[in-house]
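If you want the building blocks of each chain, they are given just below.
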Amino acid sequence: MTSGALIFQSVILGLLLGGLYALLASGLTLYFGIMRVVMIAHSAFLILAAYLAWWSQTRLGVDPLLSLVVTVPLFFAAGVLLQRGLLARLRPATLTMMSVLLTFAIAVIIEGLLGYAFTGTQRRVQLGYGTANIELFGARIAVVKLIAFGLAVAALLTLYLLLKRTTFGWALRATIQHPDAARLVGIDTNRVAGYGFGLGLATAAVGGTALALDTTIYPSLHWHWIGPLMAIIVVGGLGSVPGAAAAAMVLGLTQSLLQIPLNTTWAQTIFYLALFATLAFRPQGFFGGRLAQRF
Amino acid sequence: MSTRLTKMRWATAFGATTALALAGCSGGEEGSTSSDDPIVVGISLPLTGDFSEPGKGVQRGYQAWAKIVNDKGGLLGRQVELKILDDQSNADRVVSDYEQLIGQDQVDVVVGPFSTRLVVPAARVAEEYGMLFVEPAGAAKEVFEQGFKNLFYAAPAVANDHYNHLAEYILGLPAGQRPTTAAYAAMDDPFAQGTAYGLKEKLEAGGVRTVVDEVYPPNTTEFSGIAAKIAASKADLVVGGSQYQDGVNLIVALQQLAYQPKLAAFSTAPTSPEFAAAIGNKTEGILAPTGYTQKAPYPSNVEFVEKYTAQFGTPPEEDEANAYTTGQVVAAAITAAGCAEQGECQQKLIDWVRGNTVETVVGPLSWDATGKPQGAHMIQQWVGGEIQIVLPADAKEADIVYPKPAW
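Going line by line, the protein sequences match chains A and B.
For the first sequence, counting from 1, position 79 maps to 79 in our numbering; every step adds exactly one.
Positions in the second sequence are counted from 1; adding 1000 to them yields our numbering.
Hints are not guaranteed to be accurate.
To be verified - Taking CB as the label site, the calculated pair distances span:
| no. | chain 1 | residue 1 | chain 2 | residue 2 | range |
| --- | --- | --- | --- | --- | --- |
| 1 | B | P1217 | A | A105 | 22 to 32 Å |
| 2 | A | Y129 | B | G1385 | 16 to 26 Å |
| 3 | B | P1217 | A | Y129 | 44 to 54 Å |
| 4 | B | P1174 | A | F276 | 49 to 59 Å |
What the hints assert, rightly or not - Subject to a maximum C-alpha distance of 25 Å in a straight line, what follows is the list of computed SDA-like cross-link-like pairs (lysine to any residue):
| no. | chain 1 | residue 1 | chain 2 | residue 2 |
| --- | --- | --- | --- | --- |
| 5 | A | K164 | A | G198 |
| 6 | B | K1083 | B | V1305 |
| 7 | B | K1234 | A | V11 |
| 8 | B | K1067 | B | T1048 |
| 9 | B | K1262 | A | G138 |
| 10 | B | K1056 | A | P261 |
| 11 | B | K1282 | A | V62 |
| 12 | B | K1262 | A | K164 |
| 13 | B | K1262 | A | N133 |
| 14 | B | K1396 | B | N1281 |
| 15 | B | K1262 | A | T121 |
| 16 | B | K1234 | A | T96 |
| 17 | B | K1234 | A | V62 |
| 18 | B | K1295 | B | S1366 |
| 19 | B | K1202 | B | T1221 |
Unchecked claim - A few chain B residues that face chain A, going by a derived Cβ cut-off under 7 Å, partial list only:
| no. | residue |
| --- | --- |
| 20 | Q1255 |
| 21 | G1280 |
| 22 | Q1388 |
| 23 | Y1402 |
| 24 | P1405 |
To be clear, the hints were calculated from the coordinates, so they are not data collected in a lab.
C-beta atoms are modelled at their ideal positions from N, C-alpha and C, and glycine is treated no differently.
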């Protein structure tokens, strides 16, 4: 009954979706790696970035991609401030637990402010090329999804090169691997952690914009995202960016293919099934190493 | 289930007793209705929370109705006064609101809130007190399966009957032209799903094969998976049981996959003023059922549109019109029965509405024993960048275009 064309189309959609998931989850895993912080507000920042992209498009007439010029530095600064001003002040003994409460509060504040500023009405960026598509061996690829995927690849590649090829990247990875040892060799781990947080939030700016290109946004949408994203970083191995990316691709693809025999609701459950399976059989994750020991 | 019902009865009884006791304490004003007192209409509306947008629309409709009635000297020589409480879109809150309105505030009549989920609990309270309950928003079939004897839905048709004119048209096509396969995608919501499944039932009975039948949760934002299934099925017609944004997203996702059906029908979304811009003006041939249009030629509608626009600055939409219709039905009943207070009068009002046809802004309305209106929605179609009534034949502004041009 299921045709080959539908499977091929679903594989393409799944890969595009997986790429987007990878970008959205990369920041989340980075925060955990850097300072064992569970950043519930990450998806709220994604939605905030999506709203800024929408706002610049509808009110200023600027293409949402151009809004990145402002939102990326803005989010980087916000991330540094957030880490230096709030998270670094939490007591190390209860850091992980308290960071959940703190970032939960931030998420609720962002949601409330978005609702106040833009109302609860669902919004969608309206692009001239919103329904444009390319044919590939009988399957159709929407241009907006391709752009979102391109953004994800570019952002993740930049992140990878930054971490692997720059002095800051080495310092950040050293901080992730062993903060005490990093301090011993002269790394200012506090400053590095602040910048690392900024980097995580900068990925949220890119991710939110990519998200806004082809889906509806509303203030409480971040609750819909945080669950799957958390599942992705656990499956990928907490703290591992390549692990999160690999898990995101696999889960995105699986979700898309499961939509063929199942409906939307059941296809979503793959995230939670994968989460349970990981916690039960391989708590350190399938793609990363032991909790953020390696990058 | 039965224990829950019993618990609810007890809670209601307790609430009623408390309310009565409180009313007794405050001096007991029953029976002191003079002809100068205003007729107080009690309403609970979702002015905040999930349904706040339509809730406010319904509120504007009621306000317009009260103003237009009062400008003409009121009902039975008495002015109409609205008493509106905010239920925060919460079904528990709506129950206590109506308890308060009827028991404590001693309103003369009550009318319904917005959304099926809130209409059912509210109607149950009204029934306990024997009050007439005309409502603007409970279109799902569950509303009429509760055995209410006091409830009337003030709109042309329930969700499952919205597409009746379209079903008739499709099944009336000559065998060579008639579509043979259909794809359905509906939101997991009693109203949205009801519209699509109403048409599905009729088309299946008429021999149109269902090739895709998808249900998605209300917060779905990503429709490419559903769209891929529909596009791969190459169904002749696609039907969306949608609200607003999901309909837009699904249409865009279908267009991204270059799917070109012969007929595309979506509920709610295509009638919204922002629809064309939202899908980049690729609206060609999209059909939608509509319970209300400002262009409908009924005499009271012309007056409603004019005075509403003067009062609020913008013309009324469907939510506003449904609330106004509710007001018209209650007003007709009060005028005919010659009374408006709690007690025996309410049964007179109920009996009158059950036995009569009321002229409203959505046309003449009458009801069956369950309170279900006996009509169908008009069908509108986007033709040349404009949405126009195409069915039924006696109300049409343009001819239906089938098969639809490419979008």
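Measuring from the C-beta of Y1402/B to each C-beta in chain A, is the shortest one below 7 Å? Violated, because the Cβ-Cβ distance from Y1402/B to chain A comes to roughly 22 Å (cut-off 7 Å).
Could you grab the alpha-carbon distance between K1262/B and K164/A and see if it respects the 25 Å cut-off? With Cα atoms ~54 Å apart, K1262/B and K164/A exceed 25 Å; violated.
Check the hint pairing K1067/B with T1048/B against an upper bound of 25 Å on the C-alpha distance. Roughly 24 Å between the alpha carbons, so the hint for K1067/B and T1048/B holds.
Has the given pair, K1234/B with V62/A, been kept, meaning a C-alpha gap of at most 25 Å? Answer violated: K1234/B to V62/A is near 37 Å, above 25 Å.
Pair hint K1282/B and V62/A, alpha-carbon separation not exceeding 25 Å: holds (22 Å)
Against the range 49 to 59 Å, how does the distance between the Cβ atoms of P1174/B and F276/A compare: consistent or not? The hinted range 49 to 59 Å holds for P1174/B and F276/A, with Cβ atoms some 56 Å apart.
Given P1405/B as an interface hint, is the shortest Cβ-Cβ distance to chain A below 7 Å? With Cβ-Cβ at 15 Å, over 7 Å, it is violated.
Could you check the hint for me, namely that P1217/B and Y129/A are 44 to 54 Å apart, CB to CB? violated (28 Å)
A closest beta-carbon separation below 7 Å is what the hint needs, so does Q1388/B meet it against chain A? With Cβ-Cβ at 23 Å, over 7 Å, it is violated.
Tell me if the straight-line CA distance from K1396/B to N1281/B falls inside 25 Å. holds (23 Å)
Can you confirm whether the C-alpha distance between K1083/B and V1305/B stays at or below 25 Å? This hinted pair holds, its Cα atoms lying about 24 Å apart.
For the pair supplied as a hint, K164/A and G198/A, is the alpha-carbon distance within the 25 Å limit? Roughly 17 Å separates the two Cα atoms, so the pair holds.
When held up to the earlier numbered hints, the structure conflicts with 3, 10, 12, 15, 16, 17, 19, 22, 23 and 24 and fits the remainder.
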